[in-house]
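These protein sequences, in sequence, are chains A and B. Take the first sequence: its position 322, counted from the start at 1, is 322 in the UniProt record's numbering, and no numbers get skipped. Take the second sequence: its position 160, counted from the start at 1, is 160 in the UniProt record's numbering, and no numbers get skipped.
What the hints contain is simulated information worked out from the structure, not anything from laboratory work. Predicted model, so just to flag it, every value in this text is computed and none were measured. Treat the hints with caution; some may be incorrect.
[Claimed, not checked] Taking lysine-lysine pairs in the DSS-like style, the calculated list, with each CA pair at most 27 Å apart, reads:
1) Lys404/B x Lys362/A
2) Lys250/A x Lys389/B
3) Lys386/A x Lys209/B
4) Lys300/B x Lys386/A
5) Lys215/B x Lys382/A
6) Lys362/A x Lys300/B
7) Lys386/A x Lys404/B
8) Lys404/B x Lys383/A
[As the list claims (entries may be wrong)] Here are a few chain A residues that sit away from chain B, every Cβ distance over 10 Å (derived from the structure):
9) Glu37
10) Ala349
11) Ala379
12) Asp412
13) Lys432
14) Glu509
Beta carbons: idealized from backbone N, C-alpha and C, even for Gly.
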Amino acid sequence: MSQHTHEDARDVILTMDHIVKRFGPVTALSGVDLTVERGEIHAICGENGAGKSTLMNVLSGVYPYGSYEGTITFDGKVCKYKNINDSEADGIVVIHQELALSPFLSIAENLFIGNERSSHGVIDWDKTRAEAKKLLDRVGLPEDPDTKIMDIGVGKQQLVEIAKALSKNVKLLILDEPTAALNDEDSAHLLDLVRQLRDEHGVTSIIITHKLNEVAAIADNVTIIRDGATVGEMFITPETPLDQDELIRKMVGRELTNLYPHHPSNTPGEEFFRVENWTVHHPLDPNRVIVDHANIAVRSGEIVGLAGLMGAGRTEMAMSIFGKTYGSHISGDIYVKGKKVELPTVQDAIDAGLAYATEDRKVYGLNLLQNVRENASLASLKKMSKKGVMDDNIERKEAEKYRTEFNIKCRDIDVQVSTLSGGNQQKVVLAKWVISDPDILILDEPTRGIDVGAKYEIYEIIDQLADAGKAVIVISSELPELIGICDRIYTVSQGVVTDNVPRQGFTQEYLMRGMTKERQVAL
Amino acid sequence: MSSATAAPAKKQEKNETMSVLRSVANNARQYGIVGALLVIVLVFEILTRGVLLKPNSFVSLIQQNAYVIILAIGMVMVIIATHIDLSVGSLVAFIGGVCALLMERAGVNWGLAIVISLLVGLVIGCWQGFWVAYVGIPGFITTLAGMLMFRGLATVIVGESVPITSNEFRGIARNYLPNILGFWGPFDGLTIVLGLLCIAALVFTQLRKRARIIKVGLVPEPMALTIIKLVIFSIAIIFVTYLLASSGNDTQGGTPIMLVIVAVLVLVYNFILTRTVFGRHVYAVGGNRKAAILSGINTKRVDFMLFVHMGFLSAVAAVCMLSRLASATAQAGMEFEMDAIAACFIGGTAVTGGIGTIPGAVVGAFVMGVINQGLSIMGVDTAIVKTIKGLVLLGAVAFDILSKRKKS
């Protein structure tokens with residue numbers, strides 16, 4: 001394609017110049033520069049939390065003009081969007097990770113939602129269907145426009161979203177992790193479509209993705225964002241393909257500081273936990289493999305990390321192990337202390353000595369309507385009762401013990417957990433599982449969304465647990481964190497455990513390579 | 001030296017007052033509804049020129065509203081767990097019909113008839129619990145179906161009406177505990193003894209709770225607060241005891257049997273909800289079902305058991321209602337589910353589940369009962385009474401939501 005010769009003067013459609021966005025005291029974007037050429041596919045790469053989604057929200061007017069610093073110029077005009085409608089009027093359409101379609105309405109109805117084909121307030125169904133059919137043809141989706149959204153798969157829904165964007169005369173299409181929820185075939189089809197829109201209709205696209213192989217396959221240009229700032233740009237041409245190692249270096253090249261307590265590895269003891277050939281399918285779409293023949297093992301006293309990008313299947317692996325709370329068609333073997341076990345329910349998993357502190361503490365971890373004591377005891381009520389009657393004093397004693405030990409900052413144990421800060425809520429979740437006295441703890445994103453000080457305290461708690469001979473598995477999206485606290489790290493990419501790295505092999509570049517390894521499509 | 005020791009003592013005193021105030025503020029909603037009840041009682045006491053709190057009208061207040069309290073006990077648990085039960089009114093009619101037929105047509109002894117009726121309630125509870133917990137039909141739908149079905153079945157089995165002939169059975173709703181200790185002046189001796197025993201039990205349990213908290217090395221609520229609570233509750237018990245002891249007629253008086261039934265159920269279920277593992281599970285399921293599942297709670301069994309309890313309590317209400325009306329009809333228990341649900345919400349149960357107490361629901365039931373009783377003493381038309389009850393419900397929940405919004 002001749003339009004990708006960068007020697008020519010660049011025909012720029014969008015520039016974002018030194019964008020700064022603050023949320024109260026937190027700076028989410030500290031100076032992002034982005035230049036997108038007309039008719040290119042521009043990838044934006046960065047670690048979780050680097051600020052990619054915030055940047056797109058600034059661009060599309062979710063954060064209105066005036067709430068950020070810096071200037072945005074689109075199509076030669078300075079943008080002052082107050083909301084999404086303003087940016088859509090200019091032809092900027094964002095397709096979010098969570099699709100915004102109404103499942104009970106038809107494809108045609110969804111396409112024109114808020115933009116109905118009507119005369120005098122009455123919907124013109126013939127026109128709606130005819131135009132819907134045309135749009136569906138353009139995205140290569142041979143479905144009846146009257147089909148309900150709930151009756152088509154996620155891949156096709158994604159295409160409907162793109163058709164909807166086309167109906168709004170899109171000039172700049174922004175796709176946020178478009179293939180995160182798709183299987184390989186649907187992903188390939190979607191990427192083909194984005195390419196086709198560029199070549200045949202001149203639509204410019206920005207694609208945010210974690211899958212580096214996709215970047216290499218589709219992008220003309222890559223902007224790398226780290227810690228809320230642009231760190232580099234890489235052009236891709238058939239002659240100069242993407243250097244993935246270089247990209248990884250730019251994504252993670254942050255200095256490690258001493259944010260982690262010094263903790264020499266324990267001599268690993270007996271093997272407490274082993275999972276063999278663990279395979280999990282998507283609960284609704286059994287054709288999608290979420291975890292693919294995973295093998296992991298953890299010994300007493302060890303802190304083992306599971307590193308992977310969003311959508312790699314780490315949480316799904318943990319939940320499917322913990323009483324089959326995720327997935328369908330689960331197969332594989334679990335061994336606890338060398339003995340094979342079946343864990344069909346959460347209670348079975350707890351009885352076998354497992355604990356799983358969930359990723360999203362507000363949705364899965366805590367009962368926000370109850371107090372610290374009641375939350376801390378929830379997984380151990382059996383032990384704290386006689387013939388079904390609670391022994392309040394044992395409960396109070398245990399809760400009080402961990403309030404002191406974990407330094408949970410609250411007036412007393414009868415305070416509602418909803419009034420606690422994120423870090424202290426997280427400590428309540430940890431207390432709940434430590435009180436259940438497990439041998440194996442799986443901690444999913446134990447420090448997400450909490451401040452640096454509380455993070456340090458949580459790392460200390462994790463170290464104490466390992467010192468007490470527990471086997472600890474930590475799932476985290478922050479590589480430096482895993483490197484800082486783990487004795488060993490498994491890298492996970494697209495449901496496959498790609499590597500098992502001992503402490504001396506910890507470098508961000510090496511681990512990121514394992515986390516972005518392409519899946520071998522096994523048939 | 002002296003000033004150095006005096007300062008911390010003063011500070012501690014201040015802390016004590018602070019924590020009393022804080023505890024009051026924390027439970028503002030509960031104190032608020034009790035306060036509202038007192039105001040309503042006072043208003044009607046004036047409007048009815050003192051008739052409301054005459055001993056005999058107080059007894060009939062209890063006898064008339066017993067069914068709401070009994071049903072509200074179960075309903076509050078169901079609502080905490082984010083369900084609802086619309087079928088309880090129809091169950092009262094159906095189980096009442098079964099009970100009446102057992103006694104009048106099958107010639108079953110009244111005691112056995114009650115036992116069988118309670119079993120029928122449990123079985124119906126299992127039936128509804130099965131559909132909700134294990135099939136996954138929302139409680140609203142399952143019990144709406146139950147509401148229609150059991151009203152229909154009640155009509156089928158009862159026909160016009162089945163009058164009750166057993167005097168013992170009819171006595172449940174209208175008689176008093178036997179006057180075994182005789183009259184002490186104008187007062188029933190047994191009632192006074194029971195009242196004093198209640199106060200003694202209250203003081204004993206509160207002090208023992210304190211002692212045990214101290215024993216395990218924890219800090220109890222301030223002594224001042226405990227004493228204030230004990231004094232207020234004791235005064236309330238003394239007042240009720242006085243009313244009851246002077247109630248009745250020439251032949252009997254004192255403590256109505258219905259009050260004993262209701263009191264036992266309130267105590268037992270309050271114990272279940274606050275002190276047992278099952279009670280914790282109910283709150284956990286209502287507050288965050290996903291977190292409850294991931295904490296190893298068998299949420300399906302909790303759902304199932306709740307409807308079994310509700311079926312049992314509906315049967316108790318059915319027996320009480322049948323005894324009161326002395327005749328089974330297909331129309332018995334009409335709209336009882338609405339009274340029970342309203343009592344829960346007036347009593348501070350959260351519409352979205354997770355929050356609620358049995359004492360709160362009991363107070364809510366009394367609010368409705370007093371308004372009912374007060375207005376009917378004043379001779380207000382029942383249609384107007386209904387309208388006012390509707391407004392009170394709306395007002396109570398609106399107050400709840402607005403005060404929460406203000407807090408956040």
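Does the structure break any of the earlier hints, and which numbers would those be? 2, 7, 8, 10, 11, 12 and 13
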